[in-house]
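Those sequence lines, one after another, are chains X and G. Under our numbering, the letters of the first sequence match residues 876 to 986, in that order. Under our numbering, the letters of the second sequence match residues 5 to 119, in that order.
In case anyone wonders, no lab produced these hints; they're calculated from the structure. Predicted model, so just to flag it, every value in this text is computed and none were measured. Treat the hints with caution; some may be incorrect.
Restricting the straight-line Cα-Cα distance to at most 30 Å, the calculated cross-link-like pairs of lysine-lysine (BS3-like) are [as the list claims (entries may be wrong)]: (1) K973/X <-> K926/X; (2) K70/G <-> K973/X; (3) K18/G <-> K70/G; (4) K59/G <-> K973/X; (5) K24/G <-> K973/X; (6) K24/G <-> K68/G; (7) K911/X <-> K24/G; (8) K68/G <-> K973/X; (9) K70/G <-> K45/G; (10) K945/X <-> K926/X; (11) K45/G <-> K911/X; (12) K45/G <-> K945/X; (13) K45/G <-> K973/X; (14) K45/G <-> K18/G.
Covered stretches of chain X, as calculated for chain G (at least 3 residues, CB under 8 Å) [claimed, not checked]: (15) 908 to 917; (16) 969 to 976.
For every residue, glycine included, the Cβ atom is placed at its ideal position computed from N, Cα and C.
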Amino acid sequence: GQQLNQSPQSMFIQEGEDVSMNCTSSSIFNTWLWYKQDPGEGPVLLIALYKAGELTSNGRLTAQFGITRKDSFLNISASIPSDVGIYFCAGEDFGNEKLTFGTGTRLTIIP
Amino acid sequence: GAVVSQHPSWVICKSGTSVKIECRSLDFQATTMFWYRQFPKQSLMLMATSNEGSKATYEQGVEKDKFLINHASLTLSTLTVTSAHPEDSSFYICSARTTGSYGYTFGSGTRLTVV
Numbered sequence: 876g877q878q879l880n881q882s883p884q885s886m887f888i889q890e891g892e893d894v895s896m897n898c899t900s901s902s903i904f905n906t907w908l909w910y911k912q913d914p915g916e917g918p919v920l921l922i923a924l925y926k927a928g929e930l931t932s933n934g935r936l937t938a939q940f941g942i943t944r945k946d947s948f949l950n951i952s953a954s955i956p957s958d959v960g961i962y963f964c965a966g967e968d969f970g971n972e973k974l975t976f977g978t979g980t981r982l983t984i985i986p
Numbered sequence: 005g006a007v008v009s010q011h012p013s014w015v016i017c018k019s020g021t022s023v024k025i026e027c028r029s030l031d032f033q034a035t036t037m038f039w040y041r042q043f044p045k046q047s048l049m050l051m052a053t054s055n056e057g058s059k060a061t062y063e064q065g066v067e068k069d070k071f072l073i074n075h076a077s078l079t080l081s082t083l084t085v086t087s088a089h090p091e092d093s094s095f096y097i098c099s100a101r102t103t104g105s106y107g108y109t110f111g112s113g114t115r116l117t118v119v
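Chain X on its own, in the form it takes in the complex:
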């Protein structure tokens, strides 16, 4: 099936650093979602974006819905150990009630 391209594929950072990751698609989506998945668990929703150009924050997380509707980014400020995990973007078509997931970004914090 179709997948969204996420970059970077993995990140190794030190605690306290800021993180930025993005997601691009060849198709237009009407909703962009960002999830975090811990090992052996299901994804947990971090931020939902519903309008092109929308910028939304959730604590230390900020995400934006690209103007072209084909991309989105997620920033994490002042990373902490519990930020470790895999981050997935997901897009939803209007009227096509299902999500297409990105390839994922694995975040590791170096001691």
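Starting from the known structure of chain X, fit chain G onto it as the hints suggest.
Quick look at chain G alone, frame taken from chain X:
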């Protein structure tokens, strides 16, 4: 908030046997449920979408006779992996949503190992 419970969290079965995985919405009515499969270090791939009381819609390449989905009530969907083989070993995750909401709530996943 919306909670989806998935059971079992892990299962080991012998090759050739069938395994049933349950997905329950605990505090809302799930008009639509989704089943995903995730191989190690890969993304979630949608297998099928089920609406309560109707047949599931399978994604291209997913064998509907092998992965039986039943969505008999607004709070329960089941995925049965029939005649399981080692290549079916994977992490299976369900998701549920209710009509008119923007949210997709995910279960905690089921690790299936076929030996």
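Of the numbered hints stated previously, which ones are contradicted by the structure, given in increasing order? Nothing - there is no hint that the structure violates, so all of them hold.
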